[in-house]
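Can you make the complete structure from the sequences, with help from the hints?
2 protein chains.
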Amino acid sequence: MPPKKVYEAMKHFTTIKYGLVQGQFELREKLCNKVLSSHFTPENVVITNGGSEALNLILASFPEKSKILMPKPYYYSYPYLASYNRLEPVYSPMKDDHIDMQDIENKISEVNAIMVNSPTNPTGMVEKPDTIKKLERLANETGRLLIFDEVYRELIYEGTHYSPKGDNVINVDSFSKTFNLCGARIGYCYSKNEELIEKIIQKKTHTSMNTSTTGQSMAIAALDAPNSFKEKNRKIFKERREIIYKGLKEIGFELHKPEGAFYALPRATNPQKVVEDLFDRYKVIAYNGEWFGAGNRIRLSYALKKEKIEEGLGRIEKYIKQENPSTIGEFNYA
Amino acid sequence: MPPKKVYEAMKHFTTIKYGLVQGQFELREKLCNKVLSSHFTPENVVITNGGSEALNLILASFPEKSKILMPKPYYYSYPYLASYNRLEPVYSPMKDDHIDMQDIENKISEVNAIMVNSPTNPTGMVEKPDTIKKLERLANETGRLLIFDEVYRELIYEGTHYSPKGDNVINVDSFSKTFNLCGARIGYCYSKNEELIEKIIQKKTHTSMNTSTTGQSMAIAALDAPNSFKEKNRKIFKERREIIYKGLKEIGFELHKPEGAFYALPRATNPQKVVEDLFDRYKVIAYNGEWFGAGNRIRLSYALKKEKIEEGLGRIEKYIKQENPSTIGEFNYA
Chain A
1 MPPKKVYEAM
11 KHFTTIKYGL
21 VQGQFELREK
31 LCNKVLSSHF
41 TPENVVITNG
51 GSEALNLILA
61 SFPEKSKILM
71 PKPYYYSYPY
81 LASYNRLEPV
91 YSPMKDDHID
101 MQDIENKISE
111 VNAIMVNSPT
121 NPTGMVEKPD
131 TIKKLERLAN
141 ETGRLLIFDE
151 VYRELIYEGT
161 HYSPKGDNVI
171 NVDSFSKTFN
181 LCGARIGYCY
191 SKNEELIEKI
201 IQKKTHTSMN
211 TSTTGQSMAI
221 AALDAPNSFK
231 EKNRKIFKER
241 REIIYKGLKE
251 IGFELHKPEG
261 AFYALPRATN
271 PQKVVEDLFD
281 RYKVIAYNGE
291 WFGAGNRIRL
301 SYALKKEKIE
311 EGLGRIEKYI
321 KQENPSTIGE
331 FNYA
Chain B
1 MPPKKVYEAM
11 KHFTTIKYGL
21 VQGQFELREK
31 LCNKVLSSHF
41 TPENVVITNG
51 GSEALNLILA
61 SFPEKSKILM
71 PKPYYYSYPY
81 LASYNRLEPV
91 YSPMKDDHID
101 MQDIENKISE
111 VNAIMVNSPT
121 NPTGMVEKPD
131 TIKKLERLAN
141 ETGRLLIFDE
151 VYRELIYEGT
161 HYSPKGDNVI
171 NVDSFSKTFN
181 LCGARIGYCY
191 SKNEELIEKI
201 IQKKTHTSMN
211 TSTTGQSMAI
221 AALDAPNSFK
231 EKNRKIFKER
241 REIIYKGLKE
251 IGFELHKPEG
261 AFYALPRATN
271 PQKVVEDLFD
281 RYKVIAYNGE
291 WFGAGNRIRL
301 SYALKKEKIE
311 EGLGRIEKYI
321 KQENPSTIGE
331 FNYA
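Going line by line, the protein sequences match chains A and B. Residue numbers for the first sequence follow our numbering, so the first one is 1 and each next one is one higher. Residue numbers for the second sequence follow our numbering, so the first one is 1 and each next one is one higher.
Every clue listed holds true.
Not everything, but these chain A residues come out facing chain B in the computed CB check (under 7 Å):
#, residue
1, Ile16
2, Tyr18
3, Gly19
4, Asn49
5, Asn56
6, Ser77
7, Tyr80
8, Leu181
9, Cys182
10, Arg185
11, Thr207
12, Ser208
13, Ser212
14, Thr213
15, Thr214
Below, a list of computed lysine-lysine pairs in the DSSO-like style, where the Cα atoms sit at most 27 Å apart:
#, chain 1, residue 1, chain 2, residue 2
16, B, Lys95, B, Lys67
17, B, Lys203, A, Lys72
18, A, Lys283, B, Lys17
19, A, Lys95, A, Lys134
Label-pair ranges, simulated between beta-carbon atoms:
#, chain 1, residue 1, chain 2, residue 2, range
20, A, Met1, B, Glu311, 44 to 52 Å
21, A, Met101, B, Glu26, 46 to 54 Å
22, B, Lys95, A, Glu8, 51 to 59 Å
23, A, Lys318, B, Ile201, 28 to 36 Å
24, A, Lys128, B, Glu8, 47 to 55 Å
25, A, Ser37, B, Glu242, 50 to 58 Å
Hints in this document: simulated from the structure, not taken from any laboratory. All values derive from a computational prediction rather than experimental measurement. Glycine is no exception: its CB is placed at the ideal position from the N, C-alpha and C atoms.
Here it is, written out as structure tokens:
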């Protein structure tokens, strides 16, 4: 559930006129005061239809055939967004589900940008602040743009978050996960790169205009929620993580213990069959890791009540034990 | 003001989860039952972030370098949307601010689609049902897609509206103008062309996901407004039209009498200077017709209370009489 204040904000509407394409000033100002570092001002922020629109508008700012480096596994929309904008994805295979900095350093000179998500969908891993600082330095030294997708920044169970910044950095965040407001589609990007922000606003003017002003009012109200809201949310997800990790291990799956976000990415040979079997016969939704560049894995979400996670684990166990014992086992990256 | 029911819908929220990318089934169903012809089913409809996102997603379905025919003057985003999608706009100059069917017939074989807006922004004209039926036939005979932008369909003061249909037609509509819900950004497109609808949903999945579910709840409630809501709205705008038309004529402007939407497009030489003078010194917002492919014209919106329209006309009169008497006069198309 989102913060209570969100509903209160909905009772006081009078007019629903066009808003600024960049986003309501009050929301951008409140983000600067409550979420972002003091480095940023409302002029550096653009409110978007979720993090997705922000990523699409950022990629649209590159000339055709630019190369975008992305760690693999990646969020499954990234290669689509690159291709929609006539850009070329270049992959940097992760090591143990974490960024391989050496590989990124080797490839940086041949690309125009790096696109990184941490905490990471689908791996559930969190990059260390030290790693992110290296990426930040690399971007600012080489003039390549670092697109940093931090929509799960408030859902970290191991380690801490670091938001990179600088003229060659743009960050993408969202209200969806932090405030359980997925359906409202309020995201944003922020950067000190004025030229880039200007391009984003210009394109948004013609492709979607302002982001829903009612959604923005909800977001403004959400930022007034007490800090305990985020802490409680994190605690709930941490408990769910324990349940899914323990449960999957007990069934016999090999997986890393998730550090953030709400995904587990266990090993499974023939993942397409597993995903189809689970959906068709056990009514469990799992995603094929291959959709995220993670071969021989399946992605499970634990954004569910714990009773449902336990129920799902029971069904998966039944499936694995009775029908498909050879699908799991030793952890090998594809 | 939007219908009252819209606010009531906002008081009953519990969860704000992700919705279907295509749009809430209830909204698509209600559109089919209350707005669209019986020809259409919920599967034919996609709910979007305003009409703008619908237009962008439609144009994104064309291969690079496809040619899009558009009457000129055009809505100012059309050429941008074409260029963002690496398409080439081809213009068909209007005759007396109406579509020149002969010119469109001459050019149809060299283009991939026709993009038409009626009632038209910026001209304020309404194409006759007979003209729209000719476009519909032309599209369905030649296999060229007719993109029909009818967002002002409920604001017609002279003539009637006709919505074209067929496998080579896609229509774009919005809740913004019909229900005074601009800021909520709820638009939609609908078509019997299943392949096109599929492509639109696919791209929206990665570029913005579902349209705001709270906005969609407001739209569902708006469709329950009594018919008198639309009639009253139309009556208000018709009265505003009389005031602005009469006022501009009395000042000495040459213009067509607007038939729909809420724009007047009077003649003005050196429109950039007029627009800047009015903004800087008289606090009147006018747009340069050139932004819409309408040279030597300025575009005025009458989506304002009548007292404000009268106040604005007074300021324009003062400007014209005292400072810039040669800017208006005989009506010549640029």
